[in-house]
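In the order they appear, the protein sequences are chains C and R.
One point on numbering: in the numbering used here, the residue at position 471 of the first sequence is 471, and numbering is uninterrupted.
One point on numbering: in the numbering used here, the residue at position 14 of the second sequence is 493, and numbering is uninterrupted.
Bear in mind the hints are in silico, worked out from the structure with no lab data behind them.
From a predicted model like this one, the values you see are computed outputs, not experimental measurements.
Treat the hints with care, as some may be off.
To be verified - Here are the simulated DSS-like pairs of lysine-lysine, each with C-alpha atoms no more than 27 Å apart in a straight line:
hint, chain 1, residue 1, chain 2, residue 2
1, C, 166, R, 615
2, C, 292, R, 495
3, C, 14, R, 617
4, R, 639, C, 166
5, R, 534, C, 443
6, C, 263, R, 617
7, R, 615, C, 14
8, R, 626, R, 569
9, C, 186, R, 626
10, C, 466, R, 601
11, C, 263, R, 615
12, R, 534, C, 292
13, R, 617, R, 605
What the hints assert, rightly or not - FRET-style restraints, in silico, Cβ to Cβ:
hint, chain 1, residue 1, chain 2, residue 2, range
14, C, 27, R, 525, 48 to 54 Å
15, R, 492, C, 243, 42 to 48 Å
16, C, 290, R, 551, 31 to 37 Å
17, C, 214, R, 639, 45 to 51 Å
18, R, 525, C, 459, 20 to 26 Å
19, C, 354, R, 491, 44 to 50 Å
20, R, 490, C, 235, 32 to 38 Å
To be verified - These stretches of chain R come out as covered by chain C in the derived footprint (C-beta under 8 Å, 3 or more residues):
hint, region
21, 484-490
22, 497-510
23, 529-543
24, 575-586
25, 598-611
26, 620-633
Positions of the beta carbon are idealized from the N, C-alpha and C atoms, including for glycine.
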Amino acid sequence: MDLRIWEHPILEFKRDKQVHIYLEDKKIDAYEGETIAAALYASGIKIYSKSVKYHRPRGFFCGIGKCSSCLMRVNGIPHVRTCVTLVKDGMRIEYEKGRGDPPITTEIEVEEEKLDTDLVVVGGGPAGLSAAIAAANLGVDVYLVDENPRAGGQLIKQTHKFFGSKDNYAGVRGVEIAKILLRELKKSSVKWVLNASVIGYYENKRPVLAIAQENRKLIEVTTRNVIVATGAQENMLPFPNNDLPGVYGAGGVQTLMNVYGVKPGNDALIVGAGNVGLIVGYQLVQAGVNVKMVVEAMPKIGGYLVHASKLRRLGVPILTRHTISAAKGKDYVEGAVIVELDENWQPVEGTEQEIDVDLICLAVGLTPSSELLFQAGCEKAYIPELGGPVAIHNEDLETTIDGMYLAGDVSGIEEASTAMMEGRIAGANVAIEFGKERSRAEKLREESFEHLNALRKSPFSERVLKGKERVWKMWRELK
Amino acid sequence: MSNYEATGVLTLEDLKDRLPPKERLEKGPVAIIECIQKIPCNPCAHVCRFGAIKKPSLVEPPEVDYDKCTGCGECVAVCPGLAIFVVNLKYREEEALVTIPYELLPIPEKGEIFEALDREGKPVGKARVVSVRRMKDKTTVVTIAVKKDLAMVVRNIGRKIE
Ligand SMILES: Cc1cc2nc3c(=O)[nH]c(=O)nc-3n(C[C@H](O)[C@H](O)[C@H](O)COP(=O)(O)OP(=O)(O)OC[C@H]3O[C@@H](n4cnc5c(N)ncnc54)[C@H](O)[C@@H]3O)c2cc1C
Ligand code: SF4
Ligand code: SF4
């Protein structure tokens with residue numbers, strides 16, 4: 001079986017060099033640049049682990065290294081996140097038993113490196129890239145870290161042209177915006193490292209970040225400033241069998257089909273008609289998947305009308321006031337039950353419908369990935385309008401820890417366009433702190449605020465703005 | 480709540496204040512912009528060489544000066560919402576042309592016949608491909624001929640028939 005997409009209306013998938021990996025003893029074709037999870041999926045293997053207590057099958061869910069569904073044993077090392085680990089020829093992959101055995105050999109060599117810089121940017125999505133480029137171009141020494149094998153964050157999965165202002169890449173496809181930012185990054189003085197997770201923050205006179213690269217290298221960076229731009233993670237929805245392989249987050253589906261070119265299923269149900277659900281629906285059709293319908297619990301579609309219309313024109317129904325009530329299947333999704341909701345969000349009796357799908361894509365919101373900020377000790381608040389737990393910050397993206405900033409979805413779920421502006425503001429602020437290129441930095445900060453405010457004038461931003469105003473106020477009260 | 484917020488489908492009623500006047504429609508190709516919400520977006524206003532599209536602000540819906548619009552179709556290719564079409568009622572006695580943005584495979588070819596789909600994706604007739612433009616960014620701009628009375632109904636193509 002080969003579930004790879006070889007022809008796509010927008011994307012081209014580079015598959016230059018074929019390699020082989022082994023799952024237990026089975027030889028599996030893979031291509032250089034694929035992650036283990038993507039290569040396994042492409043050959044039809046959709047179960048990566050079993051739950052410890054009830055041995056229920058687990059597929060992947062998030063596809064970006066943030067959940068733990070795809071942990072496997074790789075070359076003797078337990079608990080490897082196969083969705084962010086690239087294949088290497090001859091790799092041995094095994095299912096873990098129970099909680100997983102410790103490594104068989106104690107001779108795993110771990111390298112160490114110590115670095116010193118002015119600014120560490122955590123996360124290489126639109127916010128992190130913009131922050132790093134802005135600060136570096138203003139004379140700051142920048143080190144950028146991203147835990148995925150490719151930089152660009154959400155952008156590298158977006159086949160659609162982005163909204164926003166023409167001055168800032170509107171009308172350009174997400175994948176192309178990522179390329180533009182990466183070219184700017186390469187032109188700048190930023191040093192960066194991929195496949196590397198920032199796993200902790202501590203202080204030793206100055207802030208120090210601990211970074212683990214490919215399970216092999218520990219990098220300790222002493223710095224003055226930190227900008228956290230770690231993005232967000234997918235929300236789950238409670239319903240029976242929601243842990244079956246085949247129930248995936250929208251971002252996971254996108255990673256699989258648009259980054260690695262693997263078809264996630266044949267017939268799909270999408271849960272959630274916000275922009276993410278609508279766009280993923282459209283992208284699934286582009287990838288050759290039959291999208292049966294989108295269900296949305298609210299009485300109206302949350303995303304932009306133009307995105308909804310695009311999908312409707314393809315004949316995909318959008319059912320508002322409907323939700324999923326169960327997934328069906330034994331080892332893998334074989335169907336879903338949907339049901340109508342009344343004004344009190346209660347299922348209307350007798351409206352259950354079973355639909356034949358092998359893919360259930362959840363697009364029910366994102367939660368800021370605030371772990372690092374909280375571990376570092378930033379004051380936090382639960383702000384539903386911003387997606388849940390966020391580090392308290394001000395308009396200038398400063399947290400309650402001196403020298404520590406945040407930008408992008410981690411400061412509240414918004415858009416790539418706003419993430420880029422926040423990144424620039426945070427980057428410019430670090431430069432201002434350093435007193436480097438002060439007037440240019442101030443100018444960039446001003447301009448970025450202007451763009452950001454213009455973007456937030458839409459009624460779709462009202463809710464976020466309300467949340468933002470609340471955290472800004474909290475910051476002022478704390479400081 | 481307008482109904483389109485629940486359906487995702489605009490009706491001609493929803494669009495009535497934004498469509499070109501009948502006389503203009505009958506004069507030849509003209510842009511039909513089906514983007515009526517306040518969203519932060521403006522590539523359409525930037526691309527029009529004739530200054531026919533104005534966005535009063537980044538979020539205000541676009542406004543078209545139908546006297547300036549030549550129906551060139553540049554805006555169809557750039558709109559990230561795939562919300563702009565060009566309609567040409569002057570094409571033939573029986574047929575009108577509709578220009579649509581298309582981002583699926585296979586790429587239509589001139590002369591092929593497809594199902595003509597309405598705003599809900601329902602087949603309403605046949606569409607003959609009259610011209611195909613492949614843009615650098617991989618958007619395909621397809622012009623189809625449909626029965627004249629379907630010019631304001633057809634907004635997509637479906638299965639290939641011939
Ligand atoms: C389907 C979909 C469609 C969208 N469409 C649009 C659109 O049309 N227009 C628009 O403006 N926006 C759109 N967005 C939103 C946009 O993609 C996000 O708002 C934007 O990507 C947020 O940027 P970010 O840099 O904050 O986070 P991300 O893009 O999520 O990047 C975060 C990065 O941080 C890295 N990271 C996380 N934790 C760590 C760690 N501990 N160590 C190292 N690295 C880490 C991750 O690997 C990732 O690369 C869309 C989003 C989705 C899902
Ligand atoms: S069709 Fe051409 S002239 Fe008319 S609005 Fe679009 S770009 Fe301008
Ligand atoms: S480019 Fe398209 S989506 Fe954007 S404002 Fe213009 S018509 Fe609307």
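Practice task
Hint by hint, work out which the structure violates, then give me just those numbers in ascending order.
Solution key: The structure breaks hints 2, 4, 9, 10, 12, 19, 22 and 26; every other hint is satisfied.
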